[in-house]
Amino acid sequence: MKYKFIGILIALTMFATGCGKSGKSKDGLTIGVAFETLQTEYWVAGFDAIRTDLEKRGYTMLQAISNGDPNRQLDQVKNFITRKVDGIILVPKDAKSCLPIIKAANEANIPIVLFNRPADKSDAHSVAVVADNFTLTRETVSYLIDQAKKTGNKLQAAILIGDLGDINAVKRRDGFDAAIQGHEDLIDVVARIPTEWNQEKAQAGVVNALQANPDIGFIFTSSDFLLPSIVSALKSAGKYHKIGEPGHVLLGGFDGDATAWKMLKDGYLDATGVQDVYFEAAQSVQAILDLRAGKTVPDLILDPGFVIHQGNLDEKSKQMWGAQMAAKK
Amino acid sequence: MTQLLRRVLLSDYFVLGLSLLYVAAVAPFTPGFVSAENFTNILSALLPLLVVALGQTIVLITGGIDLSVTAVIGLSSIVGAMAMNHETGWLAQSPIAAPAGVMIMLLVGASVGALNGIAVAIARMPAFMVTLASMMGFSGLAVWLTHAKTINALPSGFTMLGGHTMITLAIVLVVGICVHVFLRRSLWGRWLYAVGHNSRASHISGVPVGGITFFAYVASGLLAAMASVLYTGQTETGSPVLGQNILLDVIGATVIGGTSLFGGKGKVVWTLFGVLFLKLVDNSLNLLNLSIFAITIAKGAVILLAAYLDSLRNRFVAA
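Heads up: the protein sequence lines correspond to chains A and B, in order. Basically our numbering = 1-based index in the first sequence + 35. Residue 96 in our numbering sits at position 113 of the second sequence, with consecutive numbering throughout.
If you are wondering where the hints come from, they were derived from the structure by calculation, not from laboratory data. Be a bit skeptical, because a hint or two may be false.
[Claimed, not checked] No farther apart than 30 Å at their CA atoms in a straight line, the calculated lysine-lysine pairs in the DSSO-like style are these:
hint, chain 1, residue 1, chain 2, residue 2
1, B, LYS132, A, LYS156
2, A, LYS236, B, LYS132
3, B, LYS132, A, LYS119
4, A, LYS138, A, LYS277
5, A, LYS119, A, LYS189
All values reported here derive from a predicted model rather than from experimental measurement.
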């Protein structure tokens, strides 16, 4: 019996290792896509958008997810290089630890594009396709400020800040501050909650902020994936109300995920800055093709994104990736 | 038949044979798997893991376990980077930044190991709980030190230790030979096995059980810090979350090699073969373009198989 068990385990392992897709596509290019994580809807949507774009063009995609481990990601990209891929699309863990990865691709003369998360400046060359985090956040928060004006009251505000090792988090914080500047008579920022992109920390932070400042009436999160943490904390405090109801806390976010879409539709979320994931995916693939063709490509390609709010919900929902994902569910 | 299985399972080279069998089975389906370039990739991925797994081997031989190695890797990495950073480091621009940084990192590892050792050997607390708590505490400390930020701009004399495969190989060879000689040729090495076999009998026979146990955790912390030097050098960046996800690889590779979770058994060469097997699996699954979910399932199956083989071996030895 025990030998049968060993046999089954070996067979399962061999099956799992032998059943993968392999080989280059006959005519098209092979692109290695290495993501640091697939743990939030945004990254899943980005990964799927790149896959769909590559499939449409008849290209083969090699995939690798490093689960937040930059050393593993370096190994994975080296594997891509061994497989002689024609281009690499990378979501790095952070702006610094990806530099040896970019250098390895540079040495192999393989074009590399960073999707949604740029690298620090260095002698390693890459192209980054990122949302205009600063402007998009500033516009989203400006919309919330306009709504705040309508209340006629000075509001206490809180911001959930992401991992400050991630330049996107820094830009979103700066966009928030820029929007608030000049409106201090209307908005008093009483809590800056560090989340390190962690839902548990976000929830604990919001709970603490609401206990210390029960009158908070304005919350902005640097990513929509933290919205469930905010909702949970607001419900516990008895402050989760629809737009227009007494006690509604003005809520804004960034990303445009399915949760944000549902909250917008249900009338709980005022606005969110939507990253155009389809635009970013298409630009990433195009940048690789342009680099291969020897064309000049800027180091930074900005996705302008758009703000979706209660006033333009129907018009913009078709472009919102979260709404598309919600429709598929 | 049983006799043959017994001989195969108890052979020093069982996992090496399994690795060769695996290469032969997978190579035809895996583009680029059997190539000099890919074997260099496997080697550079294998070396730091081997160092941290050697520390785990020492602890497992005593019948303990060290779950804090990932925290040591992260904490050493960030403290070392804080010391060596070109702009703001305590040793910025100093000609001794690299060697002093390495010493600081090793000191951090040895200190965490010493705390674990005191708790397990002197306070007689369970190793699992002590090192689990230590993992949580020191991981938190690492993140707190820089508020989760990473630090780069490290001296090239430091980054080449992990970034240059041949230099890394030389370092790991020296470390591996030292651990091997210690385990097989020294009195303290033999005491480690004795403690793992039966600590009460060892104590009665005059073996300093507490001292040996304490030493095992210090060695594990030291080797985890050494691995941190190599990992940090690879990415040229100090990170408080470095190595956060490799605990299963460390323990899995050590046990796959044949080091017993029940104590009293383990060799450097076994751990080398275990790490080699795990990295071969990892590398081939990546080259096969499997999804992260399939890779995780396959690796889980391999580690489960290894744990089962470990219990089989123990039964054969006992029979």
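Which numbered hints are broken by the structure, listed smallest first?
3, 4, 5
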